[in-house]
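Enquirer: Chains as they are written, first to last, in this note's numbering: chain A, 1 to 313; chain B, 1 to 511.
There are no misleading hints in this set.
To be clear about the criterion: a stretch of chain B counts as covered by chain A if any three or more of its residues have a C-beta under 8 Å from a C-beta of chain A, and this derived list gives those stretches: (1) 323-336; (2) 343-356.
From the derived model, a few chain B residues whose C-beta atoms are all more than 12 Å from chain A: (3) Asn46; (4) Asp212; (5) Gly253; (6) Glu262; (7) Phe454; (8) Ala460.
Just a few of them, taken from the derived set where beta-carbon distance is under 7 Å, the chain A residues facing chain B: (9) Gly146; (10) Gly169; (11) Gly255; (12) Gly257; (13) Pro258; (14) Gly259; (15) Gln275.
Worth flagging that the hints you see were computed from the coordinates, not collected in a lab.
None of the values given here were measured: they were computed from a predicted structure.
C-beta: ideal position from N, C-alpha, C; glycine also.
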Amino acid sequence: MAAEEVGQAPHGEGVVGQLSDWVNDHIRTVLLGPSLVALFVVFIYPAVMLMWLSLQNTRGIGETFEPAYNYGRIFSDPTFWNAVEKTLIYSTGSLVLSVGAGLAIALALNKVLSSRVRNTYSTLILISWAVPLSIVGVTWRWMFNGQLGVVNKVLIDLGLLERSYSWLGNSLSAMLVVILADSWSRIPFAAVVLLAGLQSIPQEMYDAAKMDGATTLQTFRHVTLPYLRPSFFVAGLITWMFAFRAFAIPFSTTGGGPGGATETLAVYIHRFGIQLLDYGFASAVSVFLVGVTLIVATGYVYFILEQIEEIEV
Amino acid sequence: MPQSTNLDRRTLLQLASAGAVGSIAGCLGGNGNGNEDWEGAVEGLNLGADWRARRIGAADDWPIEQRRQVPDRQNDTTWTDSGAFQSAAENDVWAPPDGWDDTAAGDVDSITILNHGAANMEFDPATLAAHELFTEQTGIDIEVIEIGVDQANTREQQFLSSEESSPHAFNVDGILVPQFVQQGYLEVTDGLYPEGSYDPYIPALESLVQWDLDASREGTHTYGYPNIGEASMGHLRPDLVEEQGIDPSRFEGEWTWDLLEELGEAFAGTDVNAFAYYAGTSTYLAYSFRELLFQQGGSMVQDDGRVVMNSPAAVRVIRKMKEWRDAGYVPSDVISYGEGDIVDLYASGQLAYTTAFSDFIPRLLQQYEPGTEYQVVVPPAANAGPSPTQAGLVAPNTTSINRFADTGEKLAAMLYGDLKLSYYTQWLEFTYEGNISYMDQVYTDSAENDFVTFGDNIGAAIENGQLELFPQMASVFQQMLSPVQRALQGETSPQAAMDQVQDFVDDEINN
Chain A
1 MAAEEVGQAP HGEGVVGQLS DWVNDHIRTV LLGPSLVALF VVFIYPAVML
51 MWLSLQNTRG IGETFEPAYN YGRIFSDPTF WNAVEKTLIY STGSLVLSVG
101 AGLAIALALN KVLSSRVRNT YSTLILISWA VPLSIVGVTW RWMFNGQLGV
151 VNKVLIDLGL LERSYSWLGN SLSAMLVVIL ADSWSRIPFA AVVLLAGLQS
201 IPQEMYDAAK MDGATTLQTF RHVTLPYLRP SFFVAGLITW MFAFRAFAIP
251 FSTTGGGPGG ATETLAVYIH RFGIQLLDYG FASAVSVFLV GVTLIVATGY
301 VYFILEQIEE IEV
Chain B
1 MPQSTNLDRR TLLQLASAGA VGSIAGCLGG NGNGNEDWEG AVEGLNLGAD
51 WRARRIGAAD DWPIEQRRQV PDRQNDTTWT DSGAFQSAAE NDVWAPPDGW
101 DDTAAGDVDS ITILNHGAAN MEFDPATLAA HELFTEQTGI DIEVIEIGVD
151 QANTREQQFL SSEESSPHAF NVDGILVPQF VQQGYLEVTD GLYPEGSYDP
201 YIPALESLVQ WDLDASREGT HTYGYPNIGE ASMGHLRPDL VEEQGIDPSR
251 FEGEWTWDLL EELGEAFAGT DVNAFAYYAG TSTYLAYSFR ELLFQQGGSM
301 VQDDGRVVMN SPAAVRVIRK MKEWRDAGYV PSDVISYGEG DIVDLYASGQ
351 LAYTTAFSDF IPRLLQQYEP GTEYQVVVPP AANAGPSPTQ AGLVAPNTTS
401 INRFADTGEK LAAMLYGDLK LSYYTQWLEF TYEGNISYMD QVYTDSAEND
451 FVTFGDNIGA AIENGQLELF PQMASVFQQM LSPVQRALQG ETSPQAAMDQ
501 VQDFVDDEIN N
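Given these sequences and hints, build the entire structure.
Expert: In structure tokens, the structure reads:
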């Protein structure tokens with residue numbers, strides 16, 4: 001039987017033909033190879049190097065292999081635990097605000113009957129998501145500037161403030177500002193995910209609830225929320241993961257200050273790795289950060305899958 | 001499948017080996033010369049011969065009227081067509097020493113310099129003028145890698161730690177010079193500083209380039225030459241001050257923090273703040289902290305070489321900062337102020353007085369009427385401290401030579417250093433770009449010929465500028481930011497904050 005009849009290409013002549021044959025014989029390598037190389041270069045190699053560096057003492061001149069040194073420092077450094085605390089406050093605050101506001105926007109958009117109008121609004125709210133985070137940080141920094149910021153001016157003009165308030169010069173208000181800035185930039189993502197979830201809820205469920213005489217609040221609680229749960233989890237997990245590793249907004253808005261009040265773990269890593277050139281310690285903290293994110297994400301995904309199964313049952 | 005299409009394992013191994021050898025060779029770069037070889041090579045350049053006549057004396061032949069024929073900053077991208085440049089070249093205002101081209105530098109076509117502080121040479125015109133005269137007089141081109149200072153520091157650490165041979169020379173932020181010297185990255189430049197050669201320059205030059213920290217060499221050596229430098233000076237709004245009933249002439253000559261605090265009282269409750277300081281980023285906090293420390297006559301490095309950050313004077317700086325913030329003399333937001341914040345506040349008319357670097361002056365002269373709305377003054381002395389003195393800050397950087405570069409390129413970089421120490425370069429840095437001149441004579445000549453507005457006060461402020469550097473200084477100020485910010489908010493005491501900094505200093509530096 002000729003090779004053509006079983007769908008195999010004939011062995012070619014010349015360099016091109018030989019190359020073609022080689023590609024045919026190694027098709028898996030040819031297709032997967034570049035991706036695997038790229039994966040190795042951009043993920044595996046940096047990850048291994050990160051772990052290797054975390055085992056080096058890079059304080060002072062040169063590097064020495066001291067596996068426990070940096071990890072010991074992590075747990076004895078009070079500013080590290082301050083960064084952990086601030087990261088949890090920051091990521092939780094951003095998660096609650098962005099998903100909460102995203103839900104409100106999604107519910108409002110879901111009530112818009114015209115799909116053209118709804119799509120236009122959906123696109124418009126994505127603008128804040130499209131702004132680079134460092135630009136968001138700088139913009140919010142200017143808005144909340146004590147002397148020149150628009151926020152103080154508006155509040156004074158409205159009579160809500162007597163004199164300028166130093167939003168970024170106070171630990172509590174500085175944290176509030178960075179959380180607001182972060183959640184502002186993440187609201188569109190949550191809104192779009194939740195809107196997609198809302199639109200997937202069967203209309204019959206609402207009709208049945210109406211027939212049974214359910215109030216709006218009861219319908220929301222017993223129909224909308226249960227169906228929306230998977231979307232909530234997806235939006236929540238992704239928002240939290242990004243907020244937990246946030247760098248651009250706290251760094252460009254407050255630089256982690258005042259007094260470490262907004263120093264998230266990523267800003268803390270930058271301080272040691274880039275500013276103090278202590279790569280080993282910064283790598284150890286990075287390993288901690290990645291590890292926590294992976295553990296939480298894995299647990300969360302299992303939780304989501306269980307929830308989805310419950311709904312399907 | 002034909003055998004010939006398989007990748008031959010032996011060939012692959014050969015290629016890999018060749019690649020590995022090539023990579024290693026590339027990483028090693030072109031170093032290898034010992035200290036003695038380098039010193040011998042530099043002697044061949046003969047930089048010590050007639051240094052004064054070449055660097056300074058020849059400037060007498062540079063006509064003042066032609067010096068005024070500088071390029072138009074808005075339109076010209078080169079100096080070569082300007083009268084100032086052409087007359088400098090014609091009159092050999094700077095020329096390399098005779099016989100330089102018989103050395104290895106004579107075989108060099110170009111050198112690469114990493115230039116930071118300006119993202120583009122368009123914003124560093126005096127340095128560009130030096131590059132162009134260097135090429136004109138030696139035939140050696142200068143290729144510039146332009147990079148912002150924040151990225152440059154990290155990048156320099158990377159290429160120096162891997163012992164790459166290029167760039168051949170690079171700018172080093174003053175605060176990092178001792179660290180790079182300690183790490184053995186910078187080539188010795190003693191040939192540029194023969195006996196008596198510091199005399200024509202401000203004292204900051206010697207403090208900047210001379211160190212005894214290099215583990216690979218015994219004794220004190222020099223490690224670079226001046227690139228640019230800035231000095232802090234007082235910027236006053238006489239009109240605003242007068243509105244509050246304070247005579248602006250009191251800021252001329254001798255004045256102290258007492259007047260600063262009086263200013264604070266006068267402006268309390270108004271829309272304008274009396275003055276401000278930086279406490280939002282480590283780099284800028286370092287500026288304000290050192291300025292207030294030096295104004296008390298304080299210092300960080302003790303006579304025995306120990307670094308002390310919790311001295312009474314240092315703690316007083318933080319106490320005063322807090323006191324002024326609590327009293328409303330400065331904006332509460334100073335705790336978040338970094339690059340540009342105070343300058344923007346001043347330029348928007350919301351500050352009566354501030355200290356800032358000299359490059360701020362041209363911008364303010366475009367905005368305010370000199371004399372009535374704007375005045376440059378010498379910064380104040382403290383009203384307490386070991387030895388109060390009117391002082392500002394000098395913030396310099398060097399151009400230093402990559403120790404791992406080839407000898408020819410390093411010698412060419414030494415020649416370039418000779419030019420950077422010349423009157424020609426220092427004159428243009430001060431009169432054209434507004435940076436400091438390391439050469440005293442420039443201030444005298446520019447004042448006599450009325451080249452610079454407020455030239456006398458600028459010169460006096462620069463002469464009062466102080467410089468103190470020590471290894472790992474940047475790290476110390478990094479560690480200082482958070483405790484100081486907490487102290488300013490009242491979450492800890494100034495003494496406790498500086499004790500925390502001292503703990504770090506003792507661990508990292510004093511031990």
